[in-house]
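Residues per chain are reported as follows:
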Amino acid sequence: MAAHSVEALLAKAEQEEAEKLRSIAVHKELDLEFDVGNLLACDKNRIESRDFREQKKEDFLRSLARDNTQLLINEIWKLPTERVEEAIVAKLPEPTTPLPREKPPPKPKPPTKWEQFAKLKGIQKKKKTNLVWDENAKEWRRRWGYKRANDDTKEWLIEVPETADPNEDQFAKRVKAKKERVAKNELNRLKNIARAQKVKVPGVGLTPTAQQSKDELVRAVSVAKTSTASVGRFQDRLPKEKAPKNTGKKRKFEPLIGDFSNEKQKQLELLKVMDSKKPKLDITKAVNKQMREEDREEASAKYKKGAGKKGRKGNMSGKGKGKGGKGKGGKAAGGGGGKKRSKPGKR
Amino acid sequence: FYNDGGVKPKTKRSKRFLESRAPKLTEDVKSAMIMKGGNTSLTITQALKDLYSLRKPNAVLYKKKNITRPFEDSTSLEFFSKKTDCSLFLFGSHNKKRPNNLIFGRLFDFHVLDMIELGIEKYVSLSEIKASKCPEGTKPMLVFAGEAFDTDNEHKRLKSLLIDFFRGPTVSAVRLAGLEHVLHFTALDGKIFMRSYRCLLKKSGCRTPRIELEEIGPSFDFVLRRTHLASDDLYKLAHKQPKALKVKKKKNISHDAFGTKFGRVHMQKQDLSKLHTRKMKGLRKRKGEVVTGEQGGQAPKVAKVES
Numbered sequence: 001m002a003a004h005s006v007e008a009l010l011a012k013a014e015q016e017e018a019e020k021l022r023s024i025a026v027h028k029e030l031d032l033e034f035d036v037g038n039l040l041a042c043d044k045n046r047i048e049s050r051d052f053r054e055q056k057k058e059d060f061l062r063s064l065a066r067d068n069t070q071l072l073i074n075e076i077w078k079l080p081t082e083r084v085e086e087a088i089v090a091k092l093p094e095p096t097t098p099l100p101r102e103k104p105p106p107k108p109k110p111p112t113k114w115e116q117f118a119k120l121k122g123i124q125k126k127k128k129t130n131l132v133w134d135e136n137a138k139e140w141r142r143r144w145g146y147k148r149a150n151d152d153t154k155e156w157l158i159e160v161p162e163t164a165d166p167n168e169d170q171f172a173k174r175v176k177a178k179k180e181r182v183a184k185n186e187l188n189r190l191k192n193i194a195r196a197q198k199v200k201v202p203g204v205g206l207t208p209t210a211q212q213s214k215d216e217l218v219r220a221v222s223v224a225k226t227s228t229a230s231v232g233r234f235q236d237r238l239p240k241e242k243a244p245k246n247t248g249k250k251r252k253f254e255p256l257i258g259d260f261s262n263e264k265q266k267q268l269e270l271l272k273v274m275d276s277k278k279p280k281l282d283i284t285k286a287v288n289k290q291m292r293e294e295d296r297e298e299a300s301a302k303y304k305k306g307a308g309k310k311g312r313k314g315n316m317s318g319k320g321k322g323k324g325g326k327g328k329g330g331k332a333a334g335g336g337g338g339k340k341r342s343k344p345g346k347r
Numbered sequence: 001f002y003n004d005g006g007v008k009p010k011t012k013r014s015k016r017f018l019e020s021r022a023p024k025l026t027e028d029v030k031s032a033m034i035m036k037g038g039n040t041s042l043t044i045t046q047a048l049k050d051l052y053s054l055r056k057p058n059a060v061l062y063k064k065k066n067i068t069r070p071f072e073d074s075t076s077l078e079f080f081s082k083k084t085d086c087s088l089f090l091f092g093s094h095n096k097k098r099p100n101n102l103i104f105g106r107l108f109d110f111h112v113l114d115m116i117e118l119g120i121e122k123y124v125s126l127s128e129i130k131a132s133k134c135p136e137g138t139k140p141m142l143v144f145a146g147e148a149f150d151t152d153n154e155h156k157r158l159k160s161l162l163i164d165f166f167r168g169p170t171v172s173a174v175r176l177a178g179l180e181h182v183l184h185f186t187a188l189d190g191k192i193f194m195r196s197y198r199c200l201l202k203k204s205g206c207r208t209p210r211i212e213l214e215e216i217g218p219s220f221d222f223v224l225r226r227t228h229l230a231s232d233d234l235y236k237l238a239h240k241q242p243k244a245l246k247v248k249k250k251k252n253i254s255h256d257a258f259g260t261k262f263g264r265v266h267m268q269k270q271d272l273s274k275l276h277t278r279k280m281k282g283l284r285k286r287k288g289e290v291v292t293g294e295q296g297g298q299a300p301k302v303a304k305v306e307s
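Chain order of the listed sequences is X and W.
Residue numbering for the first sequence follows the UniProt record's numbering, beginning at 1 and increasing consecutively.
Residue numbering for the second sequence follows the UniProt record's numbering, beginning at 1 and increasing consecutively.
Just so you know, these hints were derived from the structure itself, not from any lab.
Just so it is clear, the structure is predicted and the values come from calculations on it, not from any experiment.
Estimated spans, in silico, between C-beta atoms of each pair:
#, chain 1, residue 1, chain 2, residue 2, range
1, X, A177, W, T11, 22 to 28 angstroms
2, X, V84, W, Y235, 34 to 40 angstroms
3, X, V84, W, S41, 44 to 50 angstroms
4, X, R83, W, T45, 42 to 48 angstroms
5, X, Q235, W, R69, 52 to 58 angstroms
6, X, K178, W, A173, 51 to 57 angstroms
7, X, K28, W, S14, 52 to 58 angstroms
8, X, K242, W, T11, 49 to 55 angstroms
9, W, T45, X, W140, 53 to 59 angstroms
10, X, K285, W, T11, 57 to 63 angstroms
In silico lysine-lysine, DSSO-like type, Cα no more than 30 angstroms apart, as pairs:
#, chain 1, residue 1, chain 2, residue 2
11, W, K49, X, K103
12, W, K246, X, K107
13, X, K103, W, K83
14, W, K246, X, K91
15, W, K15, X, K103
16, W, K10, X, K113
17, W, K236, X, K107
18, W, K82, X, K107
19, W, K236, W, K82
20, W, K82, X, K191
21, X, K57, W, K130
22, X, K109, W, K15
23, W, K15, X, K113
24, X, K103, W, K156
25, X, K109, W, K251
26, X, K56, W, K130
27, X, K125, W, K243
28, W, K202, X, K44
29, X, K176, W, K8
30, X, K121, W, K243
31, X, K107, W, K250
32, W, K243, X, K103
33, X, K57, W, K49
34, W, K248, X, K107
35, X, K28, W, K156
36, X, K198, W, K82
37, X, K125, W, K15
Each residue gets a CB set at the ideal place from its N, CA and C atoms; glycine is no exception.
Put together the whole structure using the sequences plus the hints.
As C-alpha cells, then:
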C-alpha cells in the first residue's frame, strides 16, 4: 500500500517537474512591449538589485533573458505562417519603432516636357526588342550603341538626292546633322533639369557664351536694363548708346469693336486691291534681294572656312536666325523666281 | 535619369552605382563603419572585431588607426561616411582618461545625428566562449530590459541607436527555425549589460516551443559616458517619412464587430409620395371594391416598370 502511494507521489513529482521544464508560460508583473516587425521586445519591469549578486550575475541575466525571449517567441508564434519550399515561414508585420532615416526622402521629380506631352496625349511606352536584324551584316545586332544595326554613319555610299547641290559633301552633312541632334538633345536634357530644380534659365543672350553677336549683346543689355524695380524707366543711357530697336509689341491689333468707319474703309480698299490686275510682288525688288542674299551667304561661307573649327558659338541661335533669313528670302523669291538656288537669268 | 549638377553616368554600371547611393523611398539596410582611434588596447581591437562579425555583411572594418576625436571634430567621420555610404559608425579608442572606449553613432544625410560613448568594463570575446555559433547574417532578436530604457532620455536614445545598429535588414517573413540569435540588453544603475545567446527551441506541450538559451557571442558590461544627442528638430527631420509611403485609407468603408463591410450610399432627397414600388397585382385595389381615403378617386396607376 505504502509503496504504491510513494510511487504515485514520486510519479506525480516527476510529472510536475517535467511540466515545469516544458512550460512556456512566463509570469511578469508588467507585460512586455513587442515590436515583432523588428523582432524586438522591451521589458519595463524593475530589476531588483538584490537579485543581482556578483556570482549569480550571469545566471540572473540568463534567466531574465530566457523569460523575455520566451515571451517574444510566443508572440512570434502567433503570427500567420506559410510553407515556402520546405521551410515554415512566419509573415512579419511592419516594424513599429520609429527609426531615423539614412538620407532625407527624395523629392518627387516634375515630369519632363515629353512626359507631360505623353500624358496629355495618352501615349504609352512601347517596349522595344533589344536586338534588330541587320540585313547587311545578316545577323542580330543591338538597336543602338556600339556596333548597331543599320548604322547610318558607317555607310560608304550615299546617293546625292536630286534636290541637293552636287558639290555638297553628303558625308559631312550627315556628321553635322548628328552633331546638331546631339547638341539639341543635351540642351533639352539640361532644360528639363533646370525646370525640375526650378532654376530660371534666362533667355538667349543673357548667359554669356563664347562669341556673341552684336544684336545678342544689345538684347542682353536691354533685358538687363528693364530688370529693375521700375522696369528701366530711370536707367540712364550711355553716351553713345542707341535706343534698342525691335522692342515694344511685336504685332498691334486693332480693337475688335471700335472705329466702324475705319473698318469699312479698310475692307473697301482690300476689295479694290483684289480686283485690280496689278501684281502684288515687285519682281525686280525680289530678284535683287535674292542676289544680295546669295552674295552674303558666299561671304559667310568663306569666313567660316577661314575661321576653321571655331564655330560652336551659340549654334542654336545662329542656326535659327540663318534658317529664318533664308526662309524669308526663299519665300519672297518663290512667288517670282523658281527654286531657291537658281539664278534669275535661267528662267 | 537625372544627375543634376554632378556626374552624368556614362555606363550602366556607374548608373546603377549612383542609383544605389541616391536617396530612396524605402531605404535598405544601414551599413556600419568600424574604425580605431589613435591608441587602442587589445580589448578594443578584439571587441571591434567581434562587433564587426555580428554586423557582417553590412559593415566595413578599417584596419588603420585614425587620429581623430569624434566628440570634437566629426568632419573626418562625415567624409568617410560619404565615401563608403555608411550611416552608422563605431569608433574604438583607449587612453588613460577613458579606457576601452567605444563610441556608437549614426548619421543623417552625412551629418552626425547621435553619438553615445560607452566604456567597456568587462568583456568576454567570441573566441573565449566555447560554444557553437550562429551563422553570419542571421537576424537577431533584440530584448531590452530595465526601466531606464523607458524613463531616461539618454537611455531611450541609446536604445534606438542599439536597435538601429543590431537589427538586420527588414524582412517581410522569417523562417521559424532560423530564429537562433538573441541579443539581450539590461540597464541597471547606469550600466548596460549586453549578452548574446543562441536559443534552442525545445519541445513543449503545445505548438510554441520552449526556449533554452546558450551563451555564445561576446558579452559586454558597458558604462555610459559622454553623449552627443541630436537636437529635437533634427531628430524629427530625420524621422520624416515620405508621403508616398503613407497607406491611403479608403474612405466610406467601415467594418462592424462581425466583420461585415459597410459603406454609405448617398442619395438625393426623394419625394416618397411619387415613389414607384413593386406592384403586386394581387394586392391592387379592384374597380368594384370600396376604397377609403384619398386614393378613392384615383384610378390605379399604370404599372411603370422600374429597371
